[in-house]
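S.K.: Chains as they are written, first to last, in numbering that gives the first Met the number 0: chain S, 0 to 80; chain H, 0 to 753; chain U, 0 to 157; chain F, 0 to 285.
What the hints contain is simulated information worked out from the structure, not anything from laboratory work.
None of the values given here were measured: they were computed from a predicted structure.
Glycine included, each C-beta is placed from N, C-alpha and C at the ideal position.
Any given hint could be a false lead.
[Claimed, not checked] Under the rule of at most 30 Å between Cα atoms (straight-line distance), these lysine-lysine pairs were calculated in the DSS-like manner: (1) H:K163 / S:K41; (2) F:K19 / H:K621; (3) H:K408 / S:K10; (4) H:K128 / F:K19; (5) H:K197 / F:K256; (6) S:K10 / H:K128; (7) H:K306 / S:K10; (8) H:K197 / S:K39; (9) S:K10 / H:K145; (10) S:K2 / H:K183.
[As the list claims (entries may be wrong)] Which bits of chain F does chain U cover? Going by a derived footprint, with three or more residues having C-beta under 8 Å, they are: (11) 43 to 55; (12) 184 to 196; (13) 206 to 220.
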Amino acid sequence: MVKVVLWGSLKHAADGQTEVDLEAENVREALDALAARFPKLKPLLDRGVSVAIDGVFYRDAWFAPIRPDSEVYILPRLAGG
Amino acid sequence: MTELHQQGAKRTFKLVGTRPLRPDGIDKVTGRARFGADMDAPGMLHGLVLRSPHAHARIKRIDVSKAERLAGVKAVVTRDDFKLPADSALADICRNVMAREKALYDGHAVAAVAAVSKAVARKALQLIKIDYEILPNVTDVDAAMKPGAPILHETLRTEGVEPKPRKASNVARRHEFGHGDVAKGMAQADIVIERSFKTAATHQGYIEPHACLASVGPDGRGDLWVCTQGHFMVRNTCAGLLGMDASQLRVTASEIGGGFGGKTTVFIEPVALALSRKAGRPVKMVMSRNEVFRATGPTSSSSIDVKIGIKKNGRITAAQAELRYQGGAFPGSPVEFGAMTAFACYDLENVHTVGYDVVTNRPKQAAYRAPGAPMVAHAVESVIDELAKKIGMDPLDFRLLNASKEGTKSSFGPTYGPIGLRATLEEAKRHPHHTAPLGPNQGRGVACGFWFNFGGDTCVSLNINVDGTVGLSVGTPDIGGSRASMSLMAAEELGIPYEKVRTIVADTASLGYNDVTDGSRVTFAAGMATIKAARDATTKLCARAAKVWGIPAEAVVWENGHAKPAGPNAGNFAPMSLAEIAAVASSTGGPIAGHYEVNADGAGVSFATHMVDLEVDPDTGKVTVLRYTVFQDAGKAVHPSYVEGQYQGGAAQGIGWAINEEYIYGADGRLQNAGFLDYRIPVASDLPMIDTVILEIPNPGHPYGVRGVGETSIVPPLAAMANAVSAAAGTRLTELPMSPPRVLKAIMENGRGA
Amino acid sequence: MSEIHVSTKINGDAFEYLCDAEESLLDVLRDRLGLTGTKEGCGTGDCGACSITLDGRLVCSCLVLGAEAEGREIETIEGMADGDDLHVLQKKFLEHAALQCGVCTPGFLIAAKSLLEANPDPSETEVRYWLAGNLCRCTGYDKIVRAVLDAATEMRKA
Amino acid sequence: MRYEAPETVKGAVKLLAGAKGRARVLAGGTDLLVQMHSGMAEPDLVVDIKRIAGLRTIKKEAGGFRIGAAVPSAVMGEHAGVKKAWPGVVEAAGLIGSTQIQGRATIVGNLCNASPAADSVPAMVAAGAKARIVGPKKRRDVPVEKVVSGPGKTALGRGEFVESIFLPKRKARSGDAYLRFIPRTEMDIAAASVGVSLTLDRKGVCTAARVVLGAVGPRVILVTAAAKALIGTSLDKAALEKLAAACSAAARPIDDKRGTIEFRKHVVGVLARRAALIARDRAKGK
């Protein structure tokens, strides 16, 4: 099990939760597990998010590995100027 | 002048860190370089856009018949020529490049013509008749959020609130971040300061207006020459809007005359393609400066409340902020980045931020250097400054006491790895600027800033030529010297002289997809891909040498530009240089090239501390900047001159944002200062030299330790300036720009002058 | 409307062209003569990207009519280097990394050259005020001013 | 549009008087071409007066200077005689736009564009300058303040244009100065401006003064009360306060993108004080 933290705005689509324990060994599994558990989250995740694993930001990196003790944050998709 | 401070850099470099001349330099000092507007095509037409003079109006009817009949007019396009895409983000772009039911801001495109000359095209625009039904407008963010405000989009419902609203609103989204218990933290505080701040919308202000040359043939194949931060983005967006196959639209990036985020989307490009398709001839479009201001993206204006509580010893117990950003006529203001970065510089137990993304009758905002961060840094760093003053602590010490460090849980969630914030603060404290004496009416301000940086999709190709030279193809437009840094990294890795590498920006048909030049990503991501492509090439070079020597490829290593047997056991062969291997490439298996494709991660966050001295004229409120120093972490400065340039440019833009630049709207919702005369960017005589201190805290996510440097430098200056002006004026300024009327008013009401 | 015939000298070479009465010299240079080194940043004299000299006097070519150039001498960025030999200012701009995007660079070089002809030993303040009509959004002007001062020093030595 | 570049004043007058449609005089062109670029001006005829030899020169006349309508600010700034006699006028002309604009812009163009914020006009009015108008009828000389009738409007009749400006002989122990307020250091339009010209007696007491405000009304304002505040004083603190108050009171500014009413009224007083001191120092030969 890994603990995944959602940014505040997503909690409305996740039954009010911001921390979710789930089984996932990479980003794709984590996102799929979230979407399966909270169908309302799916469109928000599909629109594009960043996933921070142990402080490193990933965009669209399905296979970035997640360890059971990883710190995992789902955050808005980063953009820049 | 620059000082370099390296921390923990293990690798010694031969070329990286030196300052060779940029490879595109001669072209740019002789006028040979071709920018967006510098390309012509045989039979070319000139395209112009008709723009709404109204801030908010229903478009009842468009009559182009007279324009179409004018001799020399070859095509006219309107909303009817664009099919609204299903994808909602693309649909917004479609509506932005050509208005549909409503014109949503002064300058919104409503029609376009292509004609044999600019003069004919201008005449044709006057012949287009539009029936408008003028609607009430709103351009201020707080006004747009009020009940009863004119609604831009009847279908817009605020996202991120529960229960889901049933009524239309101008608030597109609510974002929330934070951790801990702010109420509890505030209760523990000895001192709490709460203030509200406003910042004006500012434009990226690139000197080159948007320009492109489009050509679409009857077979559906198209070519586009365009000044953009990302030609692959232009290709995908335009192909989507025009229903073309990506493969059939080849986009070539011209030299680009500045972007700063403003050229990360499309405006005239799909219009030029539509005109060309309709006219069957190439169409060139060049925006006027007036159009650039009215119709391309400035950044958001903001309204922000900040509340911070501290113990008497200076330790922060809780921090919160509410941010309201208007992003123009469509959702997508960078308020979430504002809310994430607000307290990123501080190690906090209790922190909470809420951001509202609001639409108004202004041009759709576009990214601007660290989008969303400077405004909130202005607010937060102003309160931090006031708190430090209140307890009589040096503002740098106050920040050092509370600064984020490795292992800090950031205000947006993730835990920081090795970061350079404290190093910049300590460097600032040691710097002579910190203790230099100040005269009457002068003030000193400091502020910190943070930006994420990112990597993104990157694809690079590196060709070894038979004569031992190297061609490097990247897909990221060179906006500030990146061809020099790419060449440096390739040469470093290959062990050949810098001059032997020629880096070009390849078109969309020649290379795989590359994300836009933004997010301070190019030196990091394209640099990483370049290094990896070079390593791919050296692996192949070693293999060729191994073939020549008749030994296994694993027994050959690449060192100092040569393939060498790995050790005495591998055999006794004289090392082969890159040129020697290249010369026999055809005989040893064919051309040699290195490639690398990656969605680059691990960009590494970046921090800066800025320090400014300035003088306020107590009789007129005019601010004169006297001295400015930037302290920023670059990870590893590949070409220090261009790193300094990024620091200096960010600081200068921030100074302009702080004291003069602003979008000024009348009650009619029309932009009143759509030109460089009254949109006042700093001129040479407004600024002092801008000193820079480059710190190098290597980024573990990059082979050379590089961090992006382009954006962070615009985050601290707004606040540093506000803190300095407040010190000099003897009263706290909370609204940008700190224009002379505003500063004088503050002085006369509360300051030293009173 | 018939076009106006103009004979002029550009970078030392005789040129003849036709232009419309309302056409700016900038448009003539760029669109009719292919001299695209001179840039348009605003069209209203506020940015200096279109700087040229007209009979030796620094002007914005966007604020000159093409027709006005009859019999006059024009210098543009294309005439600044002597063949392959860059002007000292061009060299110094490269050495000091005084350009990032480079679109304002031709205008700055023309304006700086005109400054050093009028004042071979300018102070930093004089450089800044002379160049105040040339906007640069990338550099914060620091490296540009240093490049001009350095070029002045070198040109005084020569 | 038709472009004509006559070589004589007569030729120019004939073209302007005989023009069908809108005719405009082109001197430096730094306003006209901007207006054409934005579509604000669409003239049918442009008469370029720069080829008229007599209009390109600065001549000494009756101890003063006659400045031709085609003389750009930069040339004025290089003229030692004018600079010495009327430094305030030269500085004001030198503030119009950038170095590039200076190479083209003329004080006559600055005057006839009739912007309330024109830099050279308050200085010229303070100097008591006269404009020489030519046209189908005979030449006439009018005080500069009579040329402009309102924002964008002049008192010039059909076929008329301003041929030159006459700056009178500088009186002994007198000096002038011009200051404007802009948010930046260069490249802006004045939010408020003041031209001061004054004469001192041997003891340093002011015997005559003209104080003129720009950018704080539809036209420049010649403030008699401000002059009175100075006359009979040696510009002590009290006199300067009175001067500032008189200027602030006389100002009739508007709120716009360049400044607020209250700001402009205050700053015009500040500028008057500062300009008066510069003019005094100049009168004293400092």
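S.K.: Hint by hint, note whether the structure agrees.
M.R.: Hints, one by one, checked against the model:
For the suggested pair H:K163 and S:K41, the alpha carbons sit about 16 Å apart, so the restraint of at most 30 Å is met. With a C-alpha separation of about 48 Å, the suggested pair F:K19 and H:K621 falls outside the 30 Å cut-off, and the hint is violated. Between H:K408 and S:K10 the alpha-carbon distance is near 20 Å, which keeps this suggested pair within the 30 Å criterion. At most 30 Å may separate the alpha-carbon atoms for a hinted pair to count; H:K128 and F:K19 meet this at roughly 28 Å.
This hinted pair checks out: H:K197 and F:K256 have alpha carbons roughly 18 Å apart, not beyond 30 Å. Between S:K10 and H:K128 the alpha-carbon distance is near 49 Å, which puts this suggested pair outside the 30 Å criterion. Restraint check for H:K306 and S:K10: the C-alpha separation of about 24 Å stays at or below 30 Å, so the hint holds. With a CA separation close to 35 Å, the supplied pair H:K197 and S:K39 exceeds the 30 Å bound.
A C-alpha spacing of about 25 Å is found between S:K10 and H:K145, which places the hinted pair at or below 30 Å, so the restraint holds. For the suggested pair S:K2 and H:K183, the alpha carbons sit about 25 Å apart, so the restraint of at most 30 Å is met. Interface restraint, the segment 43 to 55 of chain F with chain U: holds (3 residues with C-beta to C-beta distance below 8 Å; minimum three). With 3 residues having a Cβ less than 8 Å from any Cβ of chain U, the segment 184 to 196 of chain F passes the three-residue criterion, so the hint holds.
Counting residues of the segment 206 to 220 of chain F whose CB lies closer than 8 Å to any CB of chain U gives 0, so the stated coverage by that chain is violated, three being the minimum.
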